[in-house]
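Asker: Residue strings, one per chain:
2 protein chains.
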Amino acid sequence: MENRTNMQIAMQLGAGYGIDSGAWRMPGGDPTAYTNMDSYVKLAQTAERGKIQMLFMADTPALGVDLTNRPPQSPMDPMLALTVIARETERIGLVATLSTTFNDPYNVARQFKALDVISHGRAGWNAVTTSNQAAAANFGSQVASRTERYERAHEFIQLVQALWGSWEEGAMTLDVENGIYANMNKIKPINLGGKYLSSHGPLPIPPSEQGQPVIFQAGGGQEGLELAGLYASGVYASPYDIPSAKAYREVVRQSAVNFGRNPDEVKVLPGFIPSIASTEHEALERRKHLDGYTDLTGKVSYLGAMLGVPLSFDDIDRPLSPELRKYANANPQDPRSPRALELVMRGMTIRDVLAHGVINYHPIIAGTPEQVADFMEEWYVSGACDGFAIQPDASFDGVSAFVDQVIPILQKRGLFHKDYEGTTLREHMGVSYQYGLRL
Amino acid sequence: MENRTNMQIAMQLGAGYGIDSGAWRMPGGDPTAYTNMDSYVKLAQTAERGKIQMLFMADTPALGVDLTNRPPQSPMDPMLALTVIARETERIGLVATLSTTFNDPYNVARQFKALDVISHGRAGWNAVTTSNQAAAANFGSQVASRTERYERAHEFIQLVQALWGSWEEGAMTLDVENGIYANMNKIKPINLGGKYLSSHGPLPIPPSEQGQPVIFQAGGGQEGLELAGLYASGVYASPYDIPSAKAYREVVRQSAVNFGRNPDEVKVLPGFIPSIASTEHEALERRKHLDGYTDLTGKVSYLGAMLGVPLSFDDIDRPLSPELRKYANANPQDPRSPRALELVMRGMTIRDVLAHGVINYHPIIAGTPEQVADFMEEWYVSGACDGFAIQPDASFDGVSAFVDQVIPILQKRGLFHKDYEGTTLREHMGVSYQYGLRL
Ligand SMILES: Cc1cc2nc3c(=O)[nH]c(=O)nc-3n(C[C@H](O)[C@H](O)[C@H](O)COP(=O)(O)O)c2cc1C
Ligand SMILES: Cc1cc2nc3c(=O)[nH]c(=O)nc-3n(C[C@H](O)[C@H](O)[C@H](O)COP(=O)(O)O)c2cc1C
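Protein chains in written order, with the working numbering: chain A, 1 to 439; chain B, 1 to 439.
Isolated chain A (complex conformation) (with noise of 0.2 Å):
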C-alpha cells in the first residue's frame, strides 16, 4: 500500500447551504446562498486555507427536489460557479461534475479546458451518465439503458480527452518578434468518432499548467469500474462502513491494474458528513437542531422499516417500546442497520437515533474534532479510502469548523499535508501528468 500521508480531502459545495435540507435556516447563514456568489467564494477560500485538495460540484440538470421546504441541491451552474472561485483562489483544485449523456463532447472539452487555463491548472470534472428520468425529459429525452449510457461515455470522454490533447505543447509559440503566434504542425483535427459520437477538432485552447484537466468518476456498478479504472484519477464513492469501502475500493484499483494502470493513480473517496461541535452531546443537539428545520415524519417511518417495526412521528420524543425492541432488527440490505439497532437499543429516542445520522446517504460522525479524526483516520489507515469527499452539515460555519478544527488534528497525526505540492491539481493529489488520449 502506497504512503498513507496524503489524505485527498473534496470540499463539497452544493447548492451552497450544506446537506442537510434544513441548513439554510440556520441562524448566521446565508439563506441566498444559492444565488449569491459572495457565498460561494467564502466558503472555497477557507476550504483552501485548509489546504483542502479540491472542491466538489455535484451535479443533475433538473430540479430533483420540492422546494417548499428546502433549497435545490445542485449549484445554479457548476462551471460558472467554479469560474468565479477560480479568480478569487489560489490553489484549491476545482471539480464539477457533468453528464455524458445531455451534453457535446466538444462543448464539455472547451468549458473544461478553459476552466483549466483560467484557474492555471486546477480544474476536474467529474464525468457521469445521470440516469435520472426528470434530467433527461429537459433534454427531451428519457433514460437510455445503462449499455448505451456507458457506451456513449466512453466515446464521450475519449473524444474529449482527444480535444484536449488537439493542441500539443509548445504549439503557442508567441513570437512577437517574427510574428508566428502558434505552430501550426502543432495544433491538428483528431477526426475521431464512434457509434454515438465524432469531432474534428482541433479545440484551439492551449494546455493548463496541468495539462488537461483531471477526470473523475461516480458510480453505475460494473461499467462505471471500467470507466473509473480507464479514465478516472478520482472516484467519488458512497460506502457506508469500512469493510464495504474497503470492497469496493478494491474493485476500483483492480480495474485499473486491469487497463495497465498503476492502482495508487485513482484515488477513492467516500462521501462523509461531519457535524462538529465541542462535545459529542452539543453536536447532536446541532444536529437535533438542523432536525427541527424540517419535517422528520418521513424520516421516522422510514427508519421504523429499516428496523421493520412501525413507527410515526408521535413516537418521536421516545425511545422505542420494550415490545417493539423484541421485534427490532437489522435489515441485511442496509449497511445502515446495525448502528441504528444499537443506537435503538441503547434506549434512545427515536429523534436522538435520528439526529446520529443513521439513515443519511453518507455516514455522520456527529462530535468533537477528535472523533471526526478518529473516523477518518480508522477509515483512512485501514485502507478504506484514500480519502473523502466531505458533505458538510451547514456549510456556513461547518466548512470552517473542518477546517480550523479537524484539519489540524489530521495535521499532526501525519494524515494530511500541511501545504499544498504545487500549484495544480494533478500535484494536489499525486496523480500523474496526462495529456490528450492515455495510449
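I should point out that these hints are in silico values taken from the structure, not numbers from a laboratory.
Here the structure is a predicted model, which means the values were calculated and not measured.
Hints may be right or wrong, so weigh each one.
Here are the simulated DSSO-like pairs of lysine-lysine, each with C-alpha atoms no more than 30 Å apart in a straight line [said to hold, decoys possible]:
1. B:Lys42 / B:Lys326
2. B:Lys418 / A:Lys195
3. A:Lys51 / A:Lys418
4. A:Lys326 / A:Lys288
5. B:Lys246 / B:Lys51
6. B:Lys42 / A:Lys42
Quick list of simulated restraints, FRET-style, between CB atoms [claimed, not checked]:
7. A:Gly298 / B:Asn178: 18 to 24 Å
8. B:Ser432 / A:Asp264: 57 to 63 Å
9. A:Thr423 / B:Lys188: 44 to 50 Å
10. B:Glu169 / A:Ser238: 44 to 50 Å
11. B:Asp175 / A:Asn183: 57 to 63 Å
12. B:Glu169 / A:Ala134: 19 to 25 Å
13. B:Lys188 / A:Asn331: 49 to 55 Å
14. B:Glu169 / A:Glu265: 46 to 52 Å
15. A:Val176 / B:Glu169: 48 to 54 Å
16. A:Tyr435 / B:Ser432: 48 to 54 Å
17. B:Pro332 / A:Val176: 53 to 59 Å
18. A:Phe259 / B:Ser141: 29 to 35 Å
19. B:Asn178 / A:Asn331: 33 to 39 Å
Some residues of chain B that are not near chain A, with every Cβ distance over 10 Å (derived) [said to hold, decoys possible]:
20. Arg110
21. Gly170
22. Gly179
23. Thr297
24. Ser400
Glycine included, each C-beta is placed from N, C-alpha and C at the ideal position.
Once you've looked at the hints, dock chain B with the ligands against the given chain A.
Answerer: Here is chain B with the ligands on its own, set in the frame of chain A:
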C-alpha cells in the same frame, strides 16, 4: 423616430487582441491576452469607465483560421470569460454568442440565466444558427439547410425563454422563520416541444434584477429578420454604408412591427472599426504599422479584384499606374468599392489605400477622435443605426483611446449617455422588461 440621444455601444472583445490580425504583436499589448483573463478584465473595466452599455463576444465553436501568424477569432470560452468579467465589473452588459444549432436549450437557458443572476441582471444572448462547416464537424454533423437551422432556432429560443420563465417572480420566498424556501405553485414545468427540440423543466433559477437575459440576433437573411423581429432586442449587423444600413434597419423594424412589437425595442448595431490617433496621418500610420505585421499579398490581389484590375504585392508601394486607372471601376456588387476607387484615383499608394480599411468586413475610420465621432454621429442621426458594435483595431490601447477620446465628444454632442441609466442591461438599452415567453 425616437429621441436620438441614447446611442448604444457594444464593445467587442473577441480573442482579446482586437480585429486586426497583427494586433497581438503591438508593443505595449499582451501577446498572451487570449488565455489571460486579467487582460479581458482590464478591457472590460476600461469600457465600463466609458459607460459603454455592453461587452459583446462573437463566437464560433471552431478554429476558423490558421494560427501561424495570427491569433484565434473567438475567446477560449465566451460564457466563462463573461463570468470572470461579471465579478470584476459593476454595470456593463455582458453579451455572448451561442449557437442554437450546436447546443441544447436546457444547458443554454441554464448558463445564461446563471450569468444573469451572477451579474445582477447584465446578461445578453446573441442567438445565431452558425452556418460554419468546421463548427458542424466538431459536433459530428454537417451544416443543415437554412430552413432546418431556422426552424430549430425558433424552437430553441422559445424553449429557452419558457425555461427562463418557469421559475416565476416571487417564487423564492426564503422565509427562514416559517421554513418556506419557495412557493412551488410558482415553479412549474414547461412541457414544451416541437419538431426538433423539447424540454420539461422547470429550470431552477430565480429571476435576475432584469428578469431574464436580453436576446440579440445576427445575420441570416429573411429567416434571420424573422428571428430579430420576434425575439431580439439587439441586432448585430454588417452594413457598409448609410443607405444600406438605413434600409437594413428599416426591414428589422418592420419585422418587429409585423410581429406586433414596438420597433424602438429593437436596436440595430452595425459593426464598426475605429483606428484612433491625434491626426489622420498618425491614424493611417497606425494602420500601416498594424498592416506591417501581416502578409498583405492576399489583400492586394483582393483589392485588384474589387476594382477589376490586376494587382500584385510588388505594386504595394506605388499608386495605380495611369493605364490601370483607366480600367479601374467600382464593383456594383460590393458597397466598399466606390470608396476604394476614390482613394485609388486620388493617387494613393496601394498600401495607403489598404490602410484606409477599404476591404475590411466592417467600415473603418482611421482618424482623429473627432473624425470617429463625426462618422458615428452621421450614421446615428440619419437613422442608419441605433448604435455600434465596436471592433477595436488593437484592443490594448484602442479601447482606452475610444473611451477617453471619442466617448467625451459623443457625450458633449448629446448623442451618448453620461452615466448608466440603471444597473441592468435592459435599463442601459432602454428595452422593456420581459420574463418568460412573450405571449
Ligand atoms: C456517490 C455518487 C455520486 C453521484 N453523483 C452524481 C451527480 O452529481 N450527477 C449525476 O448526474 N449522477 C451522479 N451519480 C450517478 C451516476 O452517474 C450513475 O448514474 C448512478 O450511479 C446510477 O447508476 P447507472 O448509471 O449504472 O444506472 C452519482 C453516483 C454516486 C454513487
Ligand atoms: C454581423 C454578423 C455577425 C455574426 N456573428 C456570428 C457569430 O459570432 N457566430 C456564429 O456562429 N455566426 C455568426 N453570424 C452568422 C449567422 O448566424 C448566420 O449563420 C450567417 O449570417 C449565415 O446566414 P444563414 O444562417 O442564413 O446561412 C453572424 C452574422 C452576421 C451578419
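Asker: All hints are to be evaluated individually against the structure, with a verdict given for each.
Answerer: Hint check:
1. Taking the CA atoms of Lys42 (chain B) and Lys326 (chain B), the gap is about 50 Å. The hint is violated against a cut of 30 Å.
2. Under the criterion of a C-alpha separation no larger than 30 Å, the hint pairing Lys418 (chain B) with Lys195 (chain A) is inconsistent with the structure, at around 57 Å.
3. The hinted pair formed by Lys51 (chain A) and Lys418 (chain A) meets the criterion: a straight-line CA distance of about 7 Å does not exceed 30 Å.
4. Under the criterion of a C-alpha separation no larger than 30 Å, the hint pairing Lys326 (chain A) with Lys288 (chain A) is consistent with the structure, at around 27 Å.
5. Between Lys246 (chain B) and Lys51 (chain B), the direct Cα distance comes to roughly 26 Å. Compliance with the 30 Å bound is thereby established for this hinted pair.
6. Pair hint Lys42 (chain B) plus Lys42 (chain A) holds up; C-alpha atoms about 24 Å apart against a cutoff of 30 Å.
7. With their beta carbons about 19 Å apart, Gly298 (chain A) and Asn178 (chain B) fall inside the hinted range of 18 to 24 Å.
8. In this structure, Ser432 (chain B) and Asp264 (chain A) meet the distance hint of 57 to 63 Å, their C-beta atoms being roughly 60 Å apart.
9. The hinted range of 44 to 50 Å is satisfied by Thr423 (chain A) and Lys188 (chain B), whose Cβ atoms lie roughly 46 Å apart.
10. For Glu169 (chain B) and Ser238 (chain A), the Cβ-Cβ distance of about 38 Å falls outside the hinted range of 44 to 50 Å, so the restraint is violated.
11. For the hinted restraint 57 to 63 Å between Asp175 (chain B) and Asn183 (chain A), the CB-CB distance of approximately 60 Å keeps it satisfied.
12. Between Glu169 (chain B) and Ala134 (chain A) the beta carbon distance is about 23 Å. The supplied range of 19 to 25 Å therefore holds.
13. The given range of 49 to 55 Å is broken by Lys188 (chain B) and Asn331 (chain A), whose C-beta atoms sit roughly 38 Å from each other.
14. The beta-carbon spacing between Glu169 (chain B) and Glu265 (chain A), approximately 49 Å, falls within the hinted interval of 46 to 52 Å.
15. Range check, Val176 (chain A) to Glu169 (chain B): Cβ separation about 51 Å, and the 48 to 54 Å hint holds.
16. Between Tyr435 (chain A) and Ser432 (chain B) the CB atoms are about 49 Å apart, so this pair conforms to the stated range of 48 to 54 Å.
17. Hint check: Pro332 (chain B) to Val176 (chain A), Cβ distance near 42 Å, so the stated range 53 to 59 Å is violated.
18. About 31 Å separates the C-beta atoms of Phe259 (chain A) and Ser141 (chain B), a value consistent with the hinted range of 29 to 35 Å.
19. For the pair Asn178 (chain B) and Asn331 (chain A), the beta carbons lie near 36 Å from each other, so the given range of 33 to 39 Å is met.
20. In this structure Arg110 (chain B) is not separated from chain A by more than 10 Å, as the shortest Cβ-Cβ distance comes to only about 6 Å.
21. With a closest Cβ-Cβ approach of about 13 Å to chain A, Gly170 (chain B) is found to remain outside the 10 Å limit, as its non-interface label requires.
22. The beta carbon of Gly179 (chain B) is not kept farther than 10 Å from every beta carbon of chain A, the shortest such distance being approximately 5 Å.
23. The beta carbon of Thr297 (chain B) sits about 14 Å from the closest Cβ of chain A, which is more than 10 Å, so the claim that it is off the interface holds.
24. The claim that Ser400 (chain B) is not at the interface with chain A holds, since no C-beta of that chain comes within 10 Å of its own (minimum 21 Å).
Violation of the numbered hints given earlier is confined to hints 1, 2, 10, 13, 17, 20 and 22; the remaining hints are satisfied by the structure.
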